[in-house]
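Asker: Residue numbers (our numbering), protein chains in the order written: chain A, 1 to 252; chain B, 253 to 347; chain C, 348 to 662.
Be aware that a few hints might be false.
Claimed, not checked - Only pairs whose alpha carbons sit at most 35 Å apart, straight line, appear in this in silico DSBU-like list of lysine-lysine: (1) C/Lys506 / A/Lys129; (2) C/Lys637 / A/Lys132; (3) A/Lys251 / C/Lys655; (4) A/Lys132 / B/Lys268; (5) C/Lys599 / A/Lys168; (6) A/Lys139 / C/Lys657; (7) C/Lys599 / A/Lys135; (8) C/Lys629 / B/Lys274; (9) B/Lys274 / A/Lys117; (10) A/Lys135 / C/Lys629; (11) B/Lys268 / C/Lys369; (12) B/Lys268 / C/Lys506; (13) B/Lys274 / C/Lys599; (14) B/Lys330 / A/Lys129; (15) A/Lys139 / C/Lys659; (16) C/Lys369 / A/Lys139; (17) A/Lys96 / C/Lys629; (18) A/Lys135 / B/Lys274; (19) A/Lys96 / C/Lys657.
In case anyone wonders, no lab produced these hints; they're calculated from the structure.
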Amino acid sequence: MEKNTNLFEYVLRMGDDSLILGHRVSEWCGHGPILEEDIALTNISLDLIGQATNLLEYAGEIEGKGRDGDAIAFLRCDREYKNLLLVEQTNGDFGKTMMRQFFFDAFRRLLFERLLKSSDIQLAAIADKSLKETKYHLKHSSEWMIRLGDGTDESHSRIQDSLDSLWKYTNELFFMDEVDFSLIKEGIIPSMDGIQEEWLVYVTSILEEATLSIPTNNWKQEGGRIGKHTEHLGFILAELQYMQRAYPNMKW
Amino acid sequence: MANQEWPLWEVFIRSKQGLNHKHVGSLRASDEQMAVDNARDVYTRRSEGVSIWVVESNNVFASEPAQADSLFEPADSKAYRHPMFYDVPDGISHM
Amino acid sequence: MKEVNITELERRFQEKIDNDIKIEPRDWMPEEYRQTLIRQISQHAHSEIVGMLPEGNWITRAPNLRRKAVLLAKVQDEAGHGLYLYSAVETLGADREATIDDLHTGKAKYSSIFNYPTTSWADMGSIGWLVDGAAIMNQVPICRCSYGPYARAMVRVCKEESFHQRQGFEIISLLAQGTPEQKAMAQESFNRFWWPAIMMFGPNDADSKHTAQSMKWKIKRNTNDELRQMFIDVTVPQAEMIGLTIPDKDLKFNKETGHYETGPIDWDEFWEVVKGNGPCNKERVDARRKAKEDGLWVREAAMAYAEKRKVKNAS
Ligand SMILES: [Fe+2]
Ligand SMILES: [Fe+2]
Ligand SMILES: [Fe+2]
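Kindly produce the complete structure, drawing on both the sequences and the hints.
Answerer: Encoded structure:
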């Protein structure tokens, strides 16, 4: 039972990351910097919403109280959402969106690679499907880091600004608490330690190639994993939940 | 910097192993890597492909439609290149 | 090239068309044929792109995960359609970004239906069912159009389009058979979209200045009124089946002709919207212009990087 509570919490956190980032990226649809990139962004968003669906459905199963993926995705209050602060940050310009994506993709790739070996078969299966998608997202966001960083003066300074403003949210990617410790012990999830180092190596190598510099200010922001969010989440939920709240208990 | 447009690329997709790449359309991309990725995102959303070629449209050299008669009509009169040109006697099979 | 006079070229060109031989990009074609195609295909492309906006409004508010994914994929398809069509425009020697700039300055038109607002979730149903339904009616015949690249783009578009109509019909019929609030939402939406959908086929044949020449060139294969009638004849029974009331008290079925006859269409409204006075004309074009302007630094950066890399690789 204890294991189930922890696993539920863990899967929920992952599901919320995908849900909220998928929501954010979907805001680009129809407004991308060029038609081709509009379509690419939507593909990323669709992958994330697909992952959210798989994860939140699974969370509902683990919980065993009859909630399905939609009930979990649409009918919680803000403090019950467990996504990273990073993913709820506003889109900003295209560079900021890509920077956010880059940090997240680099993390998710390492995580999914390790989750392939999870003793939880369902989680391993979700990781297998999501890893293929994530590798492509990471390639996409990494290439944009380099193009924007090493593009024009304007793009360099814009993307450096995004790096500076988002860096403080990256430490939370590697957040661990009791939930994680107990699942690590059971071989269900990997430890974050190795992941953080590998993440930093990869991220640094791409940002260097992009001629960007990582901020030396190491002040960090976290809280999403325990339901303490930035101001942005409330606005996201106002849209996300609008229909379900305005017209409760209906089929759509 | 001038408002410079991304070059145009022609996209060719192999729909499954064993078939030729086939021209499907074009798109804009700043370099060949992006062209392949954009082609993936634009032209294979419904699993239409297993392999992609992109060629910058500037690099495509085409035959001149006005010369079509001299280029292609001479072959029309060489029916002997086709098996139907030959009579095979009744009773002969596997030929 | 040998001296062949223009009338002879035009005669051969029309002969090809009459014999259903497709015209391909590098073939000789009358300048007016080329210009008509550039105008028609780019307007069609703009319609796909502007058409993303009214539905895009509801992506973040979709009521469940399945609907969210479907709507997102649907709106993305419209971007794809726009791209296929711009791709066809470029085979005619026109420049995609220049045609887009014409949209942004108001010189180029797009389907007036997208100048109507989407104010309820039911509009996602109405648009898929009616607007994509009307678009399919319009587009299927263009798969046989005389210009090869346009015809091929339309084949691809039409293949993708049928899912659009079905998902819309699924939304609206679920609502029409749902709770009283949902039924009201469906009917209210249907009331707003029925007439604009009918007007999507364009003015009556008598007032359509391009129809005759376009039919002769097989750029257009049916007249506006023919297509409109087909649409009405298939849609009225669908609406009745799911319990929606057609917002037209004069609508009647003519047993002799086997067709439905509608009350008078408000063409003044149509022309006003075409002229730019619809409820959302300005918002739609502004949104597209903003996307292009905001993306300029991104496109420039990618190009600058590509050039730097070329230089690096060469040395
Ligand atoms: Fe379309
Ligand atoms: Fe269309
Ligand atoms: Fe459509």
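Asker: Each hint needs a verdict: does it hold in this structure or not?
Answerer: Hints, verified against the model:
The hinted pair formed by lysine 506 of chain C and lysine 129 of chain A meets the criterion: a straight-line CA distance of about 27 Å does not exceed 35 Å. Under the criterion of a C-alpha separation no larger than 35 Å, the hint pairing lysine 637 of chain C with lysine 132 of chain A is consistent with the structure, at around 34 Å. A C-alpha spacing of about 54 Å is found between lysine 251 of chain A and lysine 655 of chain C, which places the hinted pair above 35 Å, so the restraint is violated. For a cut-off of 35 Å, the pair hint linking lysine 132 of chain A to lysine 268 of chain B stands: about 20 Å separates their Cα positions.
Note on lysine 599 of chain C and lysine 168 of chain A: the hinted pairing is violated, with a Cα-Cα distance of about 66 Å set against a maximum of 35 Å. For the proposed pair lysine 139 of chain A and lysine 657 of chain C, the alpha carbon gap of about 20 Å is at most 35 Å, so the pair holds. Among the hinted pairs, lysine 599 of chain C with lysine 135 of chain A is inconsistent with the structure: their alpha-carbon atoms are about 58 Å apart, more than 35 Å. Between lysine 629 of chain C and lysine 274 of chain B the alpha-carbon distance is near 41 Å, which puts this suggested pair outside the 35 Å criterion.
The straight-line distance between the Cα atoms of lysine 274 of chain B and lysine 117 of chain A is roughly 40 Å, outside the 35 Å bound, and the hint therefore fails. Of the supplied pair hints, the one linking lysine 135 of chain A and lysine 629 of chain C is violated, its CA atoms being roughly 40 Å apart against a limit of 35 Å. A distance of roughly 27 Å separates the Cα atoms of lysine 268 of chain B and lysine 369 of chain C; the hinted pair therefore holds under the 35 Å criterion. Under the criterion of a C-alpha separation no larger than 35 Å, the hint pairing lysine 268 of chain B with lysine 506 of chain C is consistent with the structure, at around 19 Å.
With a C-alpha separation of about 50 Å, the suggested pairing of lysine 274 of chain B with lysine 599 of chain C is violated against the 35 Å cut-off. For the hint pairing lysine 330 of chain B with lysine 129 of chain A, the CA-to-CA distance comes to about 55 Å; that exceeds 35 Å, so the pair is violated. Taking the CA atoms of lysine 139 of chain A and lysine 659 of chain C, the gap is near 22 Å; set against the 35 Å cutoff, the hint holds. Between lysine 369 of chain C and lysine 139 of chain A the CA atoms are separated by roughly 41 Å; this puts the pair beyond 35 Å, and the hint is violated.
The suggested pairing of lysine 96 of chain A with lysine 629 of chain C holds, with an alpha-carbon distance near 28 Å, which does not exceed 35 Å. For the suggested pair lysine 135 of chain A and lysine 274 of chain B, the alpha carbons sit about 27 Å apart, so the restraint of at most 35 Å is met. A threshold of 35 Å between alpha carbons decides the hint, and for lysine 96 of chain A with lysine 657 of chain C the separation of about 26 Å falls inside it, so the pair holds.
Comparing the model with each numbered hint stated earlier shows that hints 3, 5, 7, 8, 9, 10, 13, 14, 16 do not hold.
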